[in-house]
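There are 2 protein chains.
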Amino acid sequence: MILSALLTSVGINLGLCFLFFTLYSILRKQPSNLRVYAPRLVAERKLKQKTEFNLERLLPSAGWVKRAWELSEEDLLENSGLDGVVFMRIFTFSLKIFSVAAVIGIMILLPVNFMGSQLEIDFSDLPNKSLDSFSISNVNNGSKRLWIHFCATYAFTVAVCCLLYYEYKYLSLKRIDSYYASRPQPHQFTILVRGIPVSAEHSWDESVDNFFREYHPSTYISHTIIRRTSKLQQLTDDAAKIYRTLARMKSQEHTSQRSRYYGFLGVFGNKAQQLSKLERRLEVVEDNMRTEQSLLVGKEVPAAFVYFKSRYGAAIALHIQQGINPTEWVTEQAPEPDDVYWPFFSTSYLKRWICKLGVFVASAVLTVLFFLPVLVVQSLTHLEQLETYFPFLRSILKLAFVSQVITGYLPSLILQFFLYFIPPIMKILSSIQGYISMSEIQKSACSKMLWFTMWNVFFANVLSGSALYGFDLILEPKKVPMILAQGVPAQATFFITYVVTTGWTSLSSELFQLISLICTILRRIFSAEENDDLAVPSIPYESEIPRILFFGLLGITYFFLSPLILPFILVYFCIGYLIFQNQLLNVYAPRYDSGGKYWTIVHNSTIFSLVLMHLIAIGIFALKDLPLASTLIVPLPALTLLFNEYCRKRFLPIFSCYATECLVKKDREEQNDPRMAEFFDKLVDAYRDPALKPTLNGRDENTHSSPLLRSSEI
Amino acid sequence: MILSALLTSVGINLGLCFLFFTLYSILRKQPSNLRVYAPRLVAERKLKQKTEFNLERLLPSAGWVKRAWELSEEDLLENSGLDGVVFMRIFTFSLKIFSVAAVIGIMILLPVNFMGSQLEIDFSDLPNKSLDSFSISNVNNGSKRLWIHFCATYAFTVAVCCLLYYEYKYLSLKRIDSYYASRPQPHQFTILVRGIPVSAEHSWDESVDNFFREYHPSTYISHTIIRRTSKLQQLTDDAAKIYRTLARMKSQEHTSQRSRYYGFLGVFGNKAQQLSKLERRLEVVEDNMRTEQSLLVGKEVPAAFVYFKSRYGAAIALHIQQGINPTEWVTEQAPEPDDVYWPFFSTSYLKRWICKLGVFVASAVLTVLFFLPVLVVQSLTHLEQLETYFPFLRSILKLAFVSQVITGYLPSLILQFFLYFIPPIMKILSSIQGYISMSEIQKSACSKMLWFTMWNVFFANVLSGSALYGFDLILEPKKVPMILAQGVPAQATFFITYVVTTGWTSLSSELFQLISLICTILRRIFSAEENDDLAVPSIPYESEIPRILFFGLLGITYFFLSPLILPFILVYFCIGYLIFQNQLLNVYAPRYDSGGKYWTIVHNSTIFSLVLMHLIAIGIFALKDLPLASTLIVPLPALTLLFNEYCRKRFLPIFSCYATECLVKKDREEQNDPRMAEFFDKLVDAYRDPALKPTLNGRDENTHSSPLLRSSEI
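First to last, the protein sequences are chains A and B.
Going by the UniProt record's numbering, the first residue of the first sequence is number 1, and it counts up by one from there.
Going by the UniProt record's numbering, the first residue of the second sequence is number 1, and it counts up by one from there.
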């Protein structure tokens, strides 16, 4: 790729971004779009809905940028929880490391690369210069100047490790602070116990009670046994749906001004007839629900939520093996009540273990087989291949503009399209892995997505060029550095355009919320009702974090190979910072909080990127006839991994549980708080299965407490 | 090797064994040898020392075999602790699996192998038949009969896994039973805390007190801070040594009948002069000791033993992270008081971590570099090579007997000699790894020795034949099955003779205790005094267990390759069972007990052997033109590893700590025991550093409580 093609691509994408921003700043001011661009504020009733029209509403403005910029970390913590803070720290952390990288890369490495003559490129014609002349490939083989790259690698690694350390430390303190500041929450006093042993005399319910009364007499309060409720849940959903239709039909009888909409739907039959039919159906469903509820006692599963009088009491039961048989009385930290994922409680220890294995295999297969569409994309970037396969396209491809668009824009768009379907699949896989909380499912899906993205976008592109595919690499670790050193620099151009196209576009589409916008418009046109249940979305960490981390990986690995990528990456993180600050403020509201556990993924990913960079460096220096530098790089990955090991010991435990010091202090603070009695009264009901919550005495109550509405109200 | 050479070797070794046994049965009856062959019984005063001479003393007898055979597991548990039971279970477990293997191998596989014609050996001359005709190499390539081997592999794996499961289950129950049966012991109520944070106001001593009074008010009793005592220990040792010399010299002044021995030592100077000189030296040392003791307060290290009122209280402090910073207030289970390894307490968290790494590298280097002598040994087994290097030996080597002895006996003897020095080195390495107990050092040395033995005896022999050395294998995992399939069967003969020579000989030399016997005889001749401090040895698990497990590895891997090895292995385990039962009864006394933790090593080693066998099978079936069988074996190692993973989850936690159920039950049992008050009084002094124990008021007391004497008295 030549410089002018890159500049074309940058131009197109900057233009698109600007267009999106302008449109956004206008659209967000329209009252009808408030539910798309500020659902959170609407839900929190923080906005006055101005309906009068003025000209200002049609003019683009940059006020949102200012507000996003001014959002402080304290506000963020209050608004979006620790997970939100961690999410934004990814951007600030990346900005820090890539500022360091850009200073070294652009000031030192880029001129050194450019002054090389390995590729023998004509100096006079800058616009038509290949981008390779800015990369390490242009430095002469065996040149002493390569030692500059060598030093840069060491310096950059040290800088990143220091920043990683301070960030981990900062966030672990933040986590403890926010624990100290938190009000008493049910999940702090609750554990989940699974694998309750089968007993001839007692039911599981009695077993749990006996066991904890026996071994935790001073701290045990009560427990809730878990029951198999999937059928009841289904019935409840049905009933809620019928009831809502009924309610809507009845309200339409009273309000005449909306009947023209209903007339549109009225073609399906006589209204009164329909009403009585629906009411009969509702009665049948409710009868079934009653039968199902009476059967529930027999549907106990060997799992229960156990409540304790203190956080420390719960921690003791959590951390010490309870039963002699380690597969019985298995304890786990309870998730927040809203975070519980109910369907998977009924499975046994062995079954969950097999599910886990199955999911592992399935996600590995998905990751590897996804390869094929990527290969197609890859082939598009080589115009000559395209011309041979489709000879009739030759005349079109000859046009300079078309060829530039194809090489610069189309491939990553197709890739993007395929990638769009992966996060939901990964989330489904994670959910059958046996996790008990939605947040853990999301976190696991996030890791899976990260591996997926790295493999399918990075490695697939790098390896397909050198005709050596995945599995061979695993079986021949000796060749890894060489293969990477051949493959990675060759794809520099592809990844620079990837950052410019996919990276920038994904950010502006995040801001613009195109799909949500179209849905709202369609609903406004076709739907009769003013939809009362506003669903405030929560940020989809499982797709956003891997994407952001992938750009981090690109930046780190290409830092010394092709420093030209760095400014584009910096732009990505700058725009990303602003946009996501804005989105967290206006759009997303957290449903549950993992307490910043996502940072462990960020940390590991950064370490992985560093080690990958070192492996490439080992290969590159060997290829460039500088075997001494190649050997001297070897300690660097080892030291980086040791640093990681130290961080694991120093910080990871803080992210997995709280220490005695914290727990006891927190318990003592609240010892004499009169409000605690009320809290404990509520605690016992905190973990009732949503399917068991509706009482069927009055229908209004039923609808309001129906799980369907509840979940969308949150 | 031909059959007759093997029979020669078997004959020589059976003869040697019989000779050793006969000598043993005579020598053990001599009163002067009681301290060699029954030190344990002597120490426990269970033997009447008969001094009158009778003829029976000179006749060999088999009474010891009967007594060893009759020793029940209950007696063993009482005599030698759970570790002794686990040790003997290795033999019974091995006998079980190799009985199964022998039935399949000798009845089915051996005839199948013998009927093959791949090696084209003449059928008529059985004595000169190569041993290879009994191995899988003789089965024709692509023959359908190989499916018999395939089925045998599956059947054997299933059998071994079942036995492993029941053994693990049995031993974990045994461990819990023996915990229930145990009397209160200090280490059950004590934890070790390290990484006490530095505080400006408080000393470490005060910090510990404050911390545990704050966070464990109801269970904390007291603590003992650890001090840097290596210098004091040195001085105490010196003082004890001088004092003993003094005491001996003084006693010789009174007892005239021994003065002729003293005359022998008396050449060094005037007696009175010497006495006064020694006394002055003792005073100086004691002065230094006093100074050192007064300085001790300033030599605190950030570590302490903390005592609790209940086992459960100690477990709570042990299992829950104490400080917010996970590298501070690190808790560990305290070892038994006699099991504490004092020197390594003063090191910091980071230093210990670096030591661990260093030791890991050092033991890896030792394991790999030991290769060289093994290669020399290997070259000896090829007579032709020996003849080319040393042409003058040619005439001797031509003699049939010499050549048979060299191929059959010498190589493994040389190897054995080298191996003799490794366990002490491994133990030293383990001791600088930062373990706090002797038993853990021993266990870690045991693992190291196991890897060492496997690598240097098994892999070095297997790989040197195929000219491909260690590191290549690690870097090219794809080739592993092929290389093993080429190398392993080729060494079948070597390993059969290895079992017959090294295996059997090591057992009889264990029984005969040659070195100990020679030492006793020499001491009786040259030493004046009747040595009062009888040192009862404890069984050197770190060298015995790896050796035994290695024969297990050989049996498992060669089971389907060369079933001829199985009878010899069975003989090894039979003799071993009898001899070690006898030794545990008469010779060894346990110093400390790890509670059967060695079984985890046995389990892992057996799983490793199985997977190794599967890898070889994959390679062999591919080599033998039966690719389908090769593919169908692949699930077997995966399933075996899954089985191992299940066992890790099901049983391993039982071996690392005790559950709430156990702890609370045990605590309640003793709640009202009046003897517990006395126990807690003693508990506070249980973990005093031995260097701090002597009081210097009276010298007699000093000598008696000196650590040197104490440790040898145990």
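Everything labelled a hint here was simulated from the structure, so no lab data went into it.
By construction, the Cβ of each residue, glycine as well, lies at the ideal position given by its N, Cα and C atoms.
Each hint should be verified, as a subset may be incorrect.
What the hints assert, rightly or not - Think about it this way: if two alpha-carbon atoms lie no more than 30 angstroms apart in a straight line, the pair counts; the simulated DSSO-like pairs of lysine-lysine are:
{"hint": "1", "chain 1": "B", "residue 1": "K597", "chain 2": "B", "residue 2": "K682"}
{"hint": "2", "chain 1": "A", "residue 1": "K649", "chain 2": "B", "residue 2": "K427"}
{"hint": "3", "chain 1": "A", "residue 1": "K666", "chain 2": "B", "residue 2": "K597"}
{"hint": "4", "chain 1": "A", "residue 1": "K356", "chain 2": "B", "residue 2": "K309"}
Stated by the list, open to error - Examples of chain B residues lying across from chain A (beta carbon under 10 angstroms, computed):
{"hint": "5", "residue": "N288"}
{"hint": "6", "residue": "A317"}
{"hint": "7", "residue": "I324"}
{"hint": "8", "residue": "F459"}
Item to complete: Classify the hint on I324/B as holds or violated, based on whether any CB of chain A lies nearer than 10 angstroms to its CB.
Response: holds (5 angstroms)
Worksheet item: Are the Cα positions of K356/A and K309/B separated by 30 angstroms at most?
Response: Not satisfied, since the Cα-Cα distance of roughly 42 angstroms exceeds 30 angstroms.
Practice prompt. Return the status of the interface hint for A317/B: holds when the least beta-carbon distance to chain A is below 10 angstroms, violated otherwise.
Written response: Holds - the Cβ of A317/B comes within 10 angstroms of chain A, reaching about 8 angstroms at its closest.
Worksheet item: Can the hint on F459/B be confirmed by a CB-to-CB distance to chain A that is less than 10 angstroms?
Response: violated (19 angstroms)
Worksheet item: Does the interface hint hold: is N288/B within less than 10 angstroms of chain A, judged Cβ to Cβ?
Response: Since the shortest Cβ distance to chain A is 40 angstroms, the answer is violated.
Discussion item. For a C-alpha distance cap of 30 angstroms, please report whether K666/A and K597/B respect it.
Written reply: Violated - the C-alpha atoms of K597/B and K666/A are around 38 angstroms apart, more than 30 angstroms.
Worksheet item: Is K597/B within 30 angstroms of K682/B, Cα to Cα?
Response: Status holds; Cα separation ~28 angstroms.
Worksheet item: Is it true that the CA of K649/A sits at most 30 angstroms from the CA of K427/B?
Response: Satisfied, since the Cα-Cα distance of roughly 26 angstroms is no more than 30 angstroms.
In this structure, the hints that do not hold are numbers 3, 4, 5 and 8, in rising order.
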